[in-house]
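We have chain G; now place chain C onto it with these hints.
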Amino acid sequence: MARVVPMARLMQGNEAVAEAAVSAGVMFYAGYPITPSTEIAEHMAKRLPPLGGIFIQMEDEISSIAAVIGASLGGMKAITATSGPGFSLMQENIGYAVMAEVPCVIVNVMRLGPSTGMPTAPGQGDVMQARWGTHGDHPVIALCPSSVTEAHDLTVKAVNLAEKFRTPVILLLDEVVAHLRERIVIPSRENMEIVERKKIPEENGSFLPYRPEAGGVPAIPDIGRGFRFNVTGLVHDQRGIPSNDPGVAADLISRLLGKVNNNAGEIYTSDGYMLEDAEIVVVAYGSVARSARRAVKEARAEGIPAGMWRPVSLWPFPAGEIRELSRRVRCIIVAEMNAGQLAGEVERHAGGCPVVSLGKVSGELISPLEIFRRIKEVFS
Amino acid sequence: MPELIMDYFRPGSLPHMWCPGCGTGIVLQSFLRTVQRMGLSRDEVVVVGGIGCSARAVSYIDFNTVHTTHGRALAFATGIKLARPDLLVFVLMGDGDASAIGGNHLIHAARRNMDLNVLVINNSVYGMTGGQCSPLTPAGSKTATSPYGSMERQLNLTGLAEAAGATFVARSTAYHSRLTSDLIEQGIANKGFSFIEVISQCPTGFGRKNKMADPAAMLQWQKQSALPAEKFIDLPPGDAKGKFPIGVLYKNQAPDFMEMYLGMSSRAGCDNDNRGKGNE
Numbered sequence: 001m002a003r004v005v006p007m008a009r010l011m012q013g014n015e016a017v018a019e020a021a022v023s024a025g026v027m028f029y030a031g032y033p034i035t036p037s038t039e040i041a042e043h044m045a046k047r048l049p050p051l052g053g054i055f056i057q058m059e060d061e062i063s064s065i066a067a068v069i070g071a072s073l074g075g076m077k078a079i080t081a082t083s084g085p086g087f088s089l090m091q092e093n094i095g096y097a098v099m100a101e102v103p104c105v106i107v108n109v110m111r112l113g114p115s116t117g118m119p120t121a122p123g124q125g126d127v128m129q130a131r132w133g134t135h136g137d138h139p140v141i142a143l144c145p146s147s148v149t150e151a152h153d154l155t156v157k158a159v160n161l162a163e164k165f166r167t168p169v170i171l172l173l174d175e176v177v178a179h180l181r182e183r184i185v186i187p188s189r190e191n192m193e194i195v196e197r198k199k200i201p202e203e204n205g206s207f208l209p210y211r212p213e214a215g216g217v218p219a220i221p222d223i224g225r226g227f228r229f230n231v232t233g234l235v236h237d238q239r240g241i242p243s244n245d246p247g248v249a250a251d252l253i254s255r256l257l258g259k260v261n262n263n264a265g266e267i268y269t270s271d272g273y274m275l276e277d278a279e280i281v282v283v284a285y286g287s288v289a290r291s292a293r294r295a296v297k298e299a300r301a302e303g304i305p306a307g308m309w310r311p312v313s314l315w316p317f318p319a320g321e322i323r324e325l326s327r328r329v330r331c332i333i334v335a336e337m338n339a340g341q342l343a344g345e346v347e348r349h350a351g352g353c354p355v356v357s358l359g360k361v362s363g364e365l366i367s368p369l370e371i372f373r374r375i376k377e378v379f380s
Numbered sequence: 381m382p383e384l385i386m387d388y389f390r391p392g393s394l395p396h397m398w399c400p401g402c403g404t405g406i407v408l409q410s411f412l413r414t415v416q417r418m419g420l421s422r423d424e425v426v427v428v429g430g431i432g433c434s435a436r437a438v439s440y441i442d443f444n445t446v447h448t449t450h451g452r453a454l455a456f457a458t459g460i461k462l463a464r465p466d467l468l469v470f471v472l473m474g475d476g477d478a479s480a481i482g483g484n485h486l487i488h489a490a491r492r493n494m495d496l497n498v499l500v501i502n503n504s505v506y507g508m509t510g511g512q513c514s515p516l517t518p519a520g521s522k523t524a525t526s527p528y529g530s531m532e533r534q535l536n537l538t539g540l541a542e543a544a545g546a547t548f549v550a551r552s553t554a555y556h557s558r559l560t561s562d563l564i565e566q567g568i569a570n571k572g573f574s575f576i577e578v579i580s581q582c583p584t585g586f587g588r589k590n591k592m593a594d595p596a597a598m599l600q601w602q603k604q605s606a607l608p609a610e611k612f613i614d615l616p617p618g619d620a621k622g623k624f625p626i627g628v629l630y631k632n633q634a635p636d637f638m639e640m641y642l643g644m645s646s647r648a649g650c651d652n653d654n655r656g657k658g659n660e
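These protein sequences, in sequence, are chains G and C. Our numbering puts the first sequence at residues 1 to 380. Our numbering puts the second sequence at residues 381 to 660.
Quick caveat, the hints were computed from the structure, so don't treat them as lab data. What you are looking at is a predicted structure, and each value in this text was computed from that prediction instead of being measured. Worth double-checking, as some hints may not be accurate.
With a straight-line Cα cutoff of 25 angstroms, these simulated SDA-like cross-link-like pairs (lysine to any residue) come out [claimed, not checked]:
#1 G:K46 x C:A480
#2 G:K198 x C:K589
#3 G:K259 x G:F227
#4 G:K198 x C:P465
#5 G:K46 x C:D442
#6 G:K46 x C:R491
#7 G:K199 x C:D423
#8 G:K46 x C:R422
#9 G:K199 x C:D653
#10 G:K360 x G:G272
#11 G:K199 x C:P635
#12 C:K591 x C:W601
#13 G:K46 x C:Y641
#14 G:K199 x C:D466
#15 C:K589 x C:A480
#16 G:K46 x C:E639
#17 G:K199 x C:D442
#18 G:K46 x C:G643
#19 C:K571 x G:T269
#20 G:K46 x C:K591
#21 G:K46 x C:D423
#22 G:K198 x C:D466
#23 G:K46 x C:N652
#24 C:K571 x G:K259
#25 G:K198 x C:D423
#26 G:K46 x C:M644
#27 G:K198 x C:L467
#28 G:K198 x C:R422
#29 G:K199 x C:R422
#30 C:K571 x C:G510
#31 G:K46 x C:K589
#32 G:K46 x C:W601
#33 G:K297 x G:N261
#34 G:K46 x C:M640
#35 G:K46 x C:D653
#36 G:K199 x C:L467
#37 C:K571 x G:E59
#38 G:K199 x C:P465
The following block holds chain G by itself, in its conformation from the complex (with noise of 0.2 angstroms):
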C-alpha cells in the first residue's frame, strides 16, 4: 500500500476547525449561518452527507445547540459553529450540555459586539462570555487559536476533551484566524490522537450513570443502549433522578467544577517568546498574538528585552505561569480586541506587578506597531 505522505495546502481558518472536526470523528453538525463562522457550516454542508454524517441547518442557534446536545447523547461526536449573537442564544443549552454532562464543541468566532457590532471585524469581546455565559456555578474549556494549523489542532483537541470530560468545550476564533489563508500540513489521521466515549459493555441493572469514575468524570452510556436513564438540567442524583437535597447539589457542583479544575494539568496550553530574559512581557492570543511576536521582534532589535506570553487555553486560564512570570519581570501588556477582558485575569494573578491593557474595540486587528509603541513606552 503507498504511503500517503501529507501535502501541504493553502487553507482557511474555518476551513481548517470543519476539516479538522471531521478528523476528529465529529459525524454531526447542526448549525445556523452567522458571519464570520458561515464556511463552517458551509464546509460541513459538503463534507459530512458522503461520508454518511449528518449536517443540519437549524432554526436558530438555539435550536443548533440543542440538537448537537441530542445527537451527543445519541452517541455521535458533535459540533456547532457560531458567531457572538449567535453564542448568546447558545448559552443556555451549554450550561445544560454542562449539568448534563453531554459533550460537545462550540466553535464562536469573534467578531466586534456587543450586538449587531461590526459583524465582518474582528473583535475578541467573547472571552468573558465563554467564560460566565451561562448562569451559574460552572467549569468552562476554552482554546484560541492563533494560527490555521493551530485552528485544526485544537480543534481536534477540542473534540478529544469534550469526550474526555463530558463537557462542552469552546473554541474561541477571531474573525482574523477564521478568515486566514496560509499554509497548513494536515497530519494523517494515524498521527492524530483521538478520544473516544468511554463504551459501556452491557446492561447491568445497577449501574448508575452520573456515579464518577476516576478524574470525577462519569462514564454516562449513549441513550438507546440498554441503560435507561434520565438526563435532566436539574440537579439530580447518580441515577440522573432530580433531586432537592442540599448536599446532592452541593456534591454535584462541586464535582463538575473540580472534573476541569483538578485536571487543569492536562488542559493549560501556553506558548512563550523569547521569555527566558524579558524583563516586558506581552500577553497575547489568537490573531493578536502575531502582532505582539512581531513587536517584541522589533523590540529586541532595539535592545529592549521584551517578550510574549500567548495563553492557548483561555479557560482554564493557566494562572500558575503568570504568576511565575510576574514574579520575574517589571511589567506585563495585555494586547487584546477587547476593552480589558482578559488584562483582569492576568492582574488577578500577577501579585504586584504592574499590568498594563492594551485594549482595541475598533474592529480591527491591533498592529505589531502598536504593541512596540506600548512596549517602548513602558521600557522607557
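Below, chain C without anything else, positioned relative to chain G:
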C-alpha cells in the same frame, strides 16, 4: 393503573409532584397504555420533555428519558432522532412550552416532517410557575398574569402544526383517555411528524380562578365541549361556539426528514448501506 405503575414507573419515583385533580397523570396513563398494548420495548423508546408540569413526567417513567430546557424539547429530540433513527422518540410538552417559547421549533420540526411523536398537554396555563396565561389560554380567562381576564387571542396550535407541515394532527382530552391512547398509536404508525394536543385540566392554576375549581367539573366540561371531528364539521355555523373537534384532524403522506436525507446523501456519494459505520 397499579400494574402500569409497577411496569413503567421508575422505582422510588413516587410520590409525583402534580396537584390533586391534575390531568397530566391521566394523559400519562393513556401513553403508557399504548406502550403496553403495542408491546413497545422500553429500551427502544425515548421520551423527551421540555420544562413544565407535564414535561416532569419524563423523570418518573422507565424509558430512555431526556428532560431538556424550556421550549427546546423538539430541537433536542431532532438531534436524538438523527443520531438514532432506529429509536421511537416521543416529545412531551405543555402548552406554554410548545406554543410560546418553543413555537419556532414546533414550526420547523413539523416543516421537516421529523419522525417524532409529539404530545402537547394543554391545561391552558403555565402550571409549574403558578398559573400564568399562555398562548393557549382561552380569551377572557383569569390567570395569575391576566387578573382582569386575558385579552389576547388564543392560538390554534393544531392548525399551526398542520400549516407547518405535520403529517398527522389530532386532538383529544384528558376525559377521552381511550381516544388519546388510540391517537398515540396512530401517530406512531405515521412515519413523520405526528402532533397530538390533549386538552387537560389544571384545577389549581386555572379552574379555581375561572369558576371551575372542581376537577370533575373540568372533566365534564371537556366531555361536553368536545365533538368528534366528523360531527364537528357538520355543525351549523353558530352551534360550534364553545365546542371543539377531537380525533384525527389532519393526515397526509409525505417522506420524513430521514428518508429525504438518505436520498440526498446517496446523491452526494454516501454508501448508505454502511452509513455511519466509519470515517474516511
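So, going through the hints one by one against the coordinates:
1. With a CA separation close to 34 angstroms, the supplied pair K46 (chain G) and A480 (chain C) exceeds the 25 angstroms bound.
2. Between the alpha carbons of K198 (chain G) and K589 (chain C) the distance comes to roughly 53 angstroms, so the proposed pair goes past 25 angstroms and is violated.
3. Between the alpha carbons of K259 (chain G) and F227 (chain G) the distance comes to roughly 24 angstroms, so the proposed pair stays at or under 25 angstroms and holds.
4. For a cut-off of 25 angstroms, the pair hint linking K198 (chain G) to P465 (chain C) stands: about 22 angstroms separates their Cα positions.
5. At roughly 39 angstroms between alpha-carbon atoms, K46 (chain G) and D442 (chain C) are farther apart than 25 angstroms, so this suggested pair is violated.
6. Between the alpha carbons of K46 (chain G) and R491 (chain C) the distance comes to roughly 23 angstroms, so the proposed pair stays at or under 25 angstroms and holds.
7. Distance check on the hinted pair: K199 (chain G) and D423 (chain C) sit about 17 angstroms apart at the alpha-carbon level, within 25 angstroms; holds.
8. Taking the CA atoms of K46 (chain G) and R422 (chain C), the gap is about 36 angstroms. The hint is violated against a cut of 25 angstroms.
9. Under the criterion of a C-alpha separation no larger than 25 angstroms, the hint pairing K199 (chain G) with D653 (chain C) is consistent with the structure, at around 24 angstroms.
10. At most 25 angstroms may separate the alpha-carbon atoms for a hinted pair to count; K360 (chain G) and G272 (chain G) meet this at roughly 23 angstroms.
11. About 34 angstroms separates the Cα atoms of K199 (chain G) and P635 (chain C), which puts this hinted pair outside 25 angstroms; it is violated.
12. For the hint pairing K591 (chain C) with W601 (chain C), the CA-to-CA distance comes to about 12 angstroms; that is within 25 angstroms, so the pair holds.
13. With a C-alpha separation of about 13 angstroms, the suggested pairing of K46 (chain G) with Y641 (chain C) holds against the 25 angstroms cut-off.
14. For the proposed pair K199 (chain G) and D466 (chain C), the alpha carbon gap of about 19 angstroms is at most 25 angstroms, so the pair holds.
15. Annotation: proposed proximity of K589 (chain C) to A480 (chain C) holds, straight-line Cα distance about 22 angstroms (limit 25 angstroms).
16. Note on K46 (chain G) and E639 (chain C): the hinted pairing holds, with a Cα-Cα distance of about 19 angstroms set against a maximum of 25 angstroms.
17. With a CA separation close to 22 angstroms, the supplied pair K199 (chain G) and D442 (chain C) stays within the 25 angstroms bound.
18. Between K46 (chain G) and G643 (chain C) the CA atoms are separated by roughly 15 angstroms; this keeps the pair inside 25 angstroms, and the hint holds.
19. Of the supplied pair hints, the one linking K571 (chain C) and T269 (chain G) is violated, its CA atoms being roughly 49 angstroms apart against a limit of 25 angstroms.
20. Simply put, K46 (chain G) and K591 (chain C) have alpha-carbon atoms about 59 angstroms apart, too far for the 25 angstroms limit, and the pair is violated.
21. With a C-alpha separation of about 34 angstroms, the suggested pairing of K46 (chain G) with D423 (chain C) is violated against the 25 angstroms cut-off.
22. Under the criterion of a C-alpha separation no larger than 25 angstroms, the hint pairing K198 (chain G) with D466 (chain C) is consistent with the structure, at around 22 angstroms.
23. Our distance criterion of 25 angstroms between C-alpha atoms is met by K46 (chain G) and N652 (chain C), whose separation comes to about 16 angstroms.
24. Of the pairs offered as hints, the one joining K571 (chain C) and K259 (chain G) is violated, with about 42 angstroms between alpha carbons and a cut-off of 25 angstroms exceeded.
25. Straight-line distance between C-alpha atoms of K198 (chain G) and D423 (chain C) comes to about 20 angstroms, which keeps the hinted pair within the 25 angstroms bound.
26. Our distance criterion of 25 angstroms between C-alpha atoms is met by K46 (chain G) and M644 (chain C), whose separation comes to about 11 angstroms.
27. Proximity of K198 (chain G) to L467 (chain C) is assessed by CA-CA distance (about 21 angstroms); at most 25 angstroms being required, the pair is judged to hold.
28. Restraint check for K198 (chain G) and R422 (chain C): satisfied, since their Cα atoms lie roughly 23 angstroms apart, inside the 25 angstroms limit.
29. Taking the CA atoms of K199 (chain G) and R422 (chain C), the gap is about 21 angstroms. The hint holds against a cut of 25 angstroms.
30. Between K571 (chain C) and G510 (chain C) the alpha-carbon distance is near 37 angstroms, which puts this suggested pair outside the 25 angstroms criterion.
31. For the suggested pair K46 (chain G) and K589 (chain C), the alpha carbons sit about 55 angstroms apart, so the restraint of at most 25 angstroms is broken.
32. For the suggested pair K46 (chain G) and W601 (chain C), the alpha carbons sit about 54 angstroms apart, so the restraint of at most 25 angstroms is broken.
33. For the hint pairing K297 (chain G) with N261 (chain G), the CA-to-CA distance comes to about 35 angstroms; that exceeds 25 angstroms, so the pair is violated.
34. Simply put, K46 (chain G) and M640 (chain C) have alpha-carbon atoms about 16 angstroms apart, close enough for the 25 angstroms limit, and the pair holds.
35. Taking the CA atoms of K46 (chain G) and D653 (chain C), the gap is near 20 angstroms; set against the 25 angstroms cutoff, the hint holds.
36. Between the alpha carbons of K199 (chain G) and L467 (chain C) the distance comes to roughly 19 angstroms, so the proposed pair stays at or under 25 angstroms and holds.
37. With a C-alpha separation of about 22 angstroms, the suggested pair K571 (chain C) and E59 (chain G) falls inside the 25 angstroms cut-off, and the hint holds.
38. As the CA atoms of K199 (chain G) and P465 (chain C) are separated by approximately 20 angstroms, the hinted pair is consistent with the 25 angstroms bound.
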